[in-house]
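Engineer: Fit chain to chain and form the complex, with the hints in mind.
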Amino acid sequence: MQAESSRAWGLAHHFDNFEQQREASYLGMWVFLVTEIMFFGGLFTAYVVYRSANARAFALGSKELDIGLGAFNTAVLIGSSLTMALAVWAAQQGRRKQIALFLVLTILLGGVFLGVKVVEYEAKIDHHLLPGPDFHFEVTEVDEILGVQEGNVQMFFNLYFAMTGLHALHMIIGIGVLLVMVVLALRGSFSRENHNLVECMGLYWHFVDIIWIFLFPLLYLLGRNL
Amino acid sequence: MQARRVHYLNVDYGVKSWLLTKDHKRIAILYLVSISFFFAIGGMMAALIRLELATPAGDLVQPDVYNRLFTAHGVIMIFLFLIPSIPAVLGNFLIPIMIGAKDLAFPKLNLASWYVYNLGAALMMWALLRGGADTGWTFYTPYSSMYANSEVILTALGAFIVGFSSIMTGINFIVTIHRMRAPGLTWFRLPLFVWAHYATSLIQVLGTPVVAIAILLVAAERLLHIGIFDPALGGDPVLFQHLFWFYSHPAVYIMILPSMGVMSELITAFSRKRIFGYRFVAFSSLAIAVLGFLVWGHHLFVASQSVLAGVIFSVLTMLVAVPSAVKVFNWTATLYKGSISWETPMLYAIGYVGLFVIGGLTGTMLATLGFDIHVHDTYFVVSHFHYIMVGGAVMGYLGGLHFWWPKITGRLYPAFWSKISALLIFVGFNLTFFPQFVVGYLGMPRRYHAYPEEFQVLNVLSSAGATVLAVGYLLPTIYFIWSMRYGERAGSNPWGAYGLEWQIPSPPPTHNFEEKPVVTTEAYDYYTLKEKRVA
Chain A
25 MQAESSRAWG LAHHFDNFEQ QREASYLGMW VFLVTEIMFF GGLFTAYVVY RSANARAFAL
85 GSKELDIGLG AFNTAVLIGS SLTMALAVWA AQQGRRKQIA LFLVLTILLG GVFLGVKVVE
145 YEAKIDHHLL PGPDFHFEVT EVDEILGVQE GNVQMFFNLY FAMTGLHALH MIIGIGVLLV
205 MVVLALRGSF SRENHNLVEC MGLYWHFVDI IWIFLFPLLY LLGRNL
Chain B
468 MQARRVHYLN VDYGVKSWLL TKDHKRIAIL YLVSISFFFA IGGMMAALIR LELATPAGDL
528 VQPDVYNRLF TAHGVIMIFL FLIPSIPAVL GNFLIPIMIG AKDLAFPKLN LASWYVYNLG
588 AALMMWALLR GGADTGWTFY TPYSSMYANS EVILTALGAF IVGFSSIMTG INFIVTIHRM
648 RAPGLTWFRL PLFVWAHYAT SLIQVLGTPV VAIAILLVAA ERLLHIGIFD PALGGDPVLF
708 QHLFWFYSHP AVYIMILPSM GVMSELITAF SRKRIFGYRF VAFSSLAIAV LGFLVWGHHL
768 FVASQSVLAG VIFSVLTMLV AVPSAVKVFN WTATLYKGSI SWETPMLYAI GYVGLFVIGG
828 LTGTMLATLG FDIHVHDTYF VVSHFHYIMV GGAVMGYLGG LHFWWPKITG RLYPAFWSKI
888 SALLIFVGFN LTFFPQFVVG YLGMPRRYHA YPEEFQVLNV LSSAGATVLA VGYLLPTIYF
948 IWSMRYGERA GSNPWGAYGL EWQIPSPPPT HNFEEKPVVT TEAYDYYTLK EKRVA
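Same order as they appear, the protein sequences are chains A and B. Using the numbering used here, you'd call the opening residue of the first sequence number 25 and step up by one each time. Using the numbering used here, you'd call the opening residue of the second sequence number 468 and step up by one each time.
With the rest of the complex left out, here is chain B (with noise of 0.2 angstroms):
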């Protein structure tokens, strides 16, 4: 046997060398750890959810417990993992070594990012044990500031502060993009897992501040009566739905455009072809971050909203439709012609494209003035934002995963199970998901504990669904575990895919580098890799 190579996960093994790691490795598999963790709780909230919806009447819990039971689990889902997901983990991992640096630009301020999460996150969880809050993930005003008897400040602190982890998390990218790329690497050379998590990190860093405000100041107005929102005081009560989601909708980009990031490397590497269009594809990221800013007047439809407002919205938001569609249509004609092999990261894409297109489709189906007002507040709209956010973001994030898993831990997971993962996670999502825009058209509404008995059927389909989900990502949980123990090893290219972190060792060593990469190839050359092999 070979003298054990020293690499970042077996350089020290000490408590102390994880929790000050300045290794942006290292704190990817921190925030992997914690958002697992949410992760899992905000799936509890979830099956309890649709627990209790399995009958009409409402007879699992109260209807109060029910309202403080879909807060918590869009809170938890949105800003403790869907948030953070792709960027802290993937990103963390991937962004320096895929750029031919050693580290991010401030490696301090990314261990800052993760403590300043959990604390928000604790005090998320603090407001859950005193009973949670019951305003439903949005906060809105004036029930959120004067009205609601329930833990909204520290609820509303803990989203407040994990805000800032996302601020810092952009920071870092951004600078990190722009000032440590290797020599040769220019921006078009960059791969477009990178120009995703730039695109992103652009809404993170002008999005978030807005959020921030608005939520101090609902906290300011509970508990200091400073009365910004109240209308006895000439205060708009819109007003806060206006600077709510002037961040909140972007942060759908936030939560999607890594993940469309991760497609663009899978569906190359499993097509052994460069991406089709790559400037388009580049580009359209940057377009959605920028559209993603001018669209917050469609949550505003039915709130008071001048026509002439929700008309221009309205056409905004079908524009976000178009890079959309570009990234689709050239994913597709990637596939063409290429020599596609179904490895798991594959099935995840491909999985991700059907159900990225139908949430894309309903959203603007939803996006179209008239439509929205029938089925606003209905399952039709929760539907369409989870195959965003589950369909889209979480496949992203978990092919993803099962893509780079073999160079996060050097070990690679059993293939059977990790397909029959990705099967039953995508049959499970659509038989959730999809009844509820039927349920939803029907005259559903969201946020309610009970419905009538015409509903049932749809109901039940939905929450057996939701157990074949969760088996679904159970699965992944168990044989990532087992595999870092008993899983063979990967080898430091284990799909022939093409980009500077497969040239590095994996696990890779501490500095990433042994000495600086100089890129000479666009992104994506899978002819001279394969002519090289050949050779």
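In isolation and in its complexed conformation, chain A is listed as follows (with noise of 0.2 angstroms):
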């Protein structure tokens, strides 16, 4: 039997190397995200149907976003997506204080994020676009001839609401990993061989970034010059 002494801090016992452990988590966290794509996959085939369906309620819905929120959390999403691409840089590079620093300011970026999403939940429920009994949206007589009901419009809420909604707690969810990480880079738990964790935590974060990516053009930009 091997000697437990002689393994190297980190390595787990059924992996002969470093580099055996590190290709099984990043191929562990791809197909995870494969998981994750089909997960959304689901949410954005509904949208497909029922949009070719009433494109011109889903055009009305759009409408009732705020386009300039929409696009500074945009921005604000890519911003993190780049301190994170720098945590996981200076994760390879073995610099712990780094690593930190920047792990905070992803957590920070993604906070700034959900607060703009709060405020933009909170109009929508002023405006009584919250899908539910208080729902209510006023139909022009054009656009009911032209066959938009109502219910079609929040048809588009629901999803707004289940597909903004499923994006923010996975934000949540990255943003509670992020904090349990920053504590173990100040620790000092990762270095130049042992550092999967901030890798993989870099594919999550970017992922999460991409479906908003999508989800940005799908529900506020198209067929908004209606």
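Keep in mind that the hints were calculated from the coordinates and are not lab data. Glycine included, every Cβ here is placed at the ideal spot set by N, Cα and C. Please note: incorrect hints may appear among the correct ones.
[As the list claims (entries may be wrong)] Calculated lysine to aspartate or glutamate pairs in the EDC-like style (CA-CA distance at most 20 angstroms, straight line):
id: 1; chain 1: B; residue 1: Lys575; chain 2: A; residue 2: Glu168
id: 2; chain 1: B; residue 1: Lys569; chain 2: A; residue 2: Glu168
id: 3; chain 1: B; residue 1: Lys569; chain 2: B; residue 2: Asp703
id: 4; chain 1: B; residue 1: Lys569; chain 2: A; residue 2: Asp40
id: 5; chain 1: B; residue 1: Lys997; chain 2: B; residue 2: Glu810
id: 6; chain 1: B; residue 1: Lys575; chain 2: A; residue 2: Asp40
id: 7; chain 1: B; residue 1: Lys489; chain 2: A; residue 2: Asp40
id: 8; chain 1: B; residue 1: Lys983; chain 2: A; residue 2: Asp40
id: 9; chain 1: B; residue 1: Lys983; chain 2: A; residue 2: Glu43
id: 10; chain 1: A; residue 1: Lys87; chain 2: A; residue 2: Glu168
id: 11; chain 1: B; residue 1: Lys569; chain 2: A; residue 2: Glu43
[What the hints assert, rightly or not] Here are some chain B residues the structure puts well away from chain A; computed CB gaps all over 12 angstroms:
id: 12; residue: Ile641
id: 13; residue: Ile695
id: 14; residue: Ala754
id: 15; residue: Ile807
id: 16; residue: Val820
Structural biologist: Here it is in structure tokens:
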């Protein structure tokens, strides 16, 4: 039997070396992200199907969204992907303090995104655009002739809240994990050989970012000029 | 007596050493206990259903109770038994050993999957105690989302959570098979059991999230009134069916593919031959996984699907028969001129092939549009999928369990009684389900608690068969438990089978291999094995 003491710290017992451990965790993360794509994929499918059936109602719904806040949030999220990438770079270089710094910046930017989202949600609730018994949307006569019903616009907001809500939930979980990682980084848990967690978290964060890159045009931009 | 050998079972006896274990072999045992428990519960539901159907009148249970019974039977058997059965028990135990690794790539994730499974199962059981759901295991909208007056949310959330345990197992297998193979163990030297599990894992990873979101949306619609499938808002209830079957048809292959992997092991071991056409069998698993994702529309032949879509799905569905037939023909060709011995696992294997052929051929019948519309929602369909799921998956699971039991526990079970059980299950199964083909073809619809008197003879036959089947399932439960204490010691290779798992002691040590194995031969190299023995 292998003497346990001769093994490097941080290398799990069932891996031969750090490279195998690293490759395993990256592949695991990529496969996990595939499942995430399929998970969101169900919602994107619903969006495509319903939009093709109710294009005008969806465009009317789009117009209710605040494009300024949406664009601002897009920039914030891309910025957070930059700081996340820098955290991964710092981990590869083994610069512990910089890992923590960039992770904290990522958390702050993620927080800003969620804060803006809360403002947006509040505005929608104030305008009776939250799906449910309180939902109200004035359909003009012209639109009514064009086949738009109040319910179709509500469907847009069903999908808006389901998709952005699920996305926000991913951000919240991500920020939770990032907080733990800041503590780990400050304790010196990451080294040049062993920083899989930072790399995997980087992949996750970029994925959540990319989901938003799709959500923003689909929900805020498409058909706005109607 | 020699010094006591330390293996994974006797290394520690504490409850904590089991509940916090990260050893894939112990987690497999945990799964075995859980799924056996739920198999028993699901079986009791089936017993009640068959008891009710012994007479034409609805005299045992109320119609509403009957709806809840078959829903619980379906939900429990599919989500809590069939999907995890072979992967989480046999796959968990064997894949690391078969590829010469010490454990799966993510042991903590593996343990977590068992807890997640039990959490989801607990929710479903709680729902059952509160009266259960009555939607059928398919949770079709708008009934499930708007009208059903039963525990749909709890049951659906249970299925949602159990899905994550399935995803965790799938990720673990994919990464393990890619990254942890022993030196010399190339892809085409892998046992076909591993190939089958690789294909299964692909489906678990690609399909499960889609049903997860669909179920979540149904729950959200009931709870928060976000009516994604509500026709009043321009929503489409049929969209749910699409999302549901996008997973749930491939899920059928999650259940059957691992059992096909088991078959390839059993048939080679008891024919003492290499498998005929290794690469064909390996790739047919992947072909089934890929084609499986392109056929969900055959569940929607009568659900407002366009004729063109119907025809396309019909043709694609028939294509699945090709890789399935490749497997059956190659198993048969493996038997040809083999040195066949009729041990218990082989009895299960031969029974499996026969039942799977019937299940598969009736599947091809159902793939034809015209015929499907005639027998849609009748017992013909019920019988077809039980031939695949019970005649296939459960027979495969039991055959595998009988094959690897000596490896798992280090003990042999009584040969005579186990052969009796294999026979009882084969006879009981056919007696239960063959009459259902006939009664379904004659027009008896599924999911009703009462039926016209002219169907009684066939239904009584079916119920009688279910009794035989129940005895067949009870026997292994008894002798397996008996064997753990009183069974003869098995030795490392009781069947004289080929494969890394038979080269280590039974039960295996915690780290599986004393030193890392190096693989130099093809899979199922029984000729070399024989030469070695002679030498």
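Engineer: Next step is simple, just say for each hint if it's right about the structure.
Structural biologist: Now for the hints, and whether the structure bears them out:
Restraint check for B:Lys575 and A:Glu168: not satisfied, since their Cα atoms lie roughly 57 angstroms apart, outside the 20 angstroms limit. Distance check on the hinted pair: B:Lys569 and A:Glu168 sit about 66 angstroms apart at the alpha-carbon level, beyond 20 angstroms; violated. Proximity of B:Lys569 to B:Asp703 is assessed by CA-CA distance (about 49 angstroms); at most 20 angstroms being required, the pair is judged violated. At most 20 angstroms may separate the alpha-carbon atoms for a hinted pair to count; B:Lys569 and A:Asp40 meet this at roughly 10 angstroms.
Only pairs whose Cα atoms come within 20 angstroms are accepted, and B:Lys997 paired with B:Glu810 is accepted, the gap being roughly 19 angstroms. A hinted pair counts as satisfied when its Cα atoms are at most 20 angstroms apart, and B:Lys575 with A:Asp40 qualifies at roughly 18 angstroms. Our distance criterion of 20 angstroms between C-alpha atoms is met by B:Lys489 and A:Asp40, whose separation comes to about 18 angstroms. For the proposed pair B:Lys983 and A:Asp40, the alpha carbon gap of about 10 angstroms is at most 20 angstroms, so the pair holds.
For a cut-off of 20 angstroms, the pair hint linking B:Lys983 to A:Glu43 stands: about 17 angstroms separates their Cα positions. Proximity of A:Lys87 to A:Glu168 is assessed by CA-CA distance (about 17 angstroms); at most 20 angstroms being required, the pair is judged to hold. Between B:Lys569 and A:Glu43 the CA atoms are separated by roughly 16 angstroms; this keeps the pair inside 20 angstroms, and the hint holds. Here B:Ile641 does not stay apart from chain A, with its beta-carbon only about 5 angstroms from theirs, under the 12 angstroms limit.
For B:Ile695, the non-interface assignment is contradicted: its Cβ lies about 6 angstroms from the closest Cβ of chain A, within the 12 angstroms cut-off. The claim that B:Ala754 lies off the interface holds: its Cβ sits roughly 20 angstroms from the closest Cβ of chain A, which is beyond the 12 angstroms cut-off. Every beta carbon of chain A lies more than 12 angstroms from that of B:Ile807, the smallest distance being close to 38 angstroms; the non-interface claim holds. Here B:Val820 stays apart from chain A, with its beta-carbon at least about 33 angstroms from theirs, past the 12 angstroms limit.
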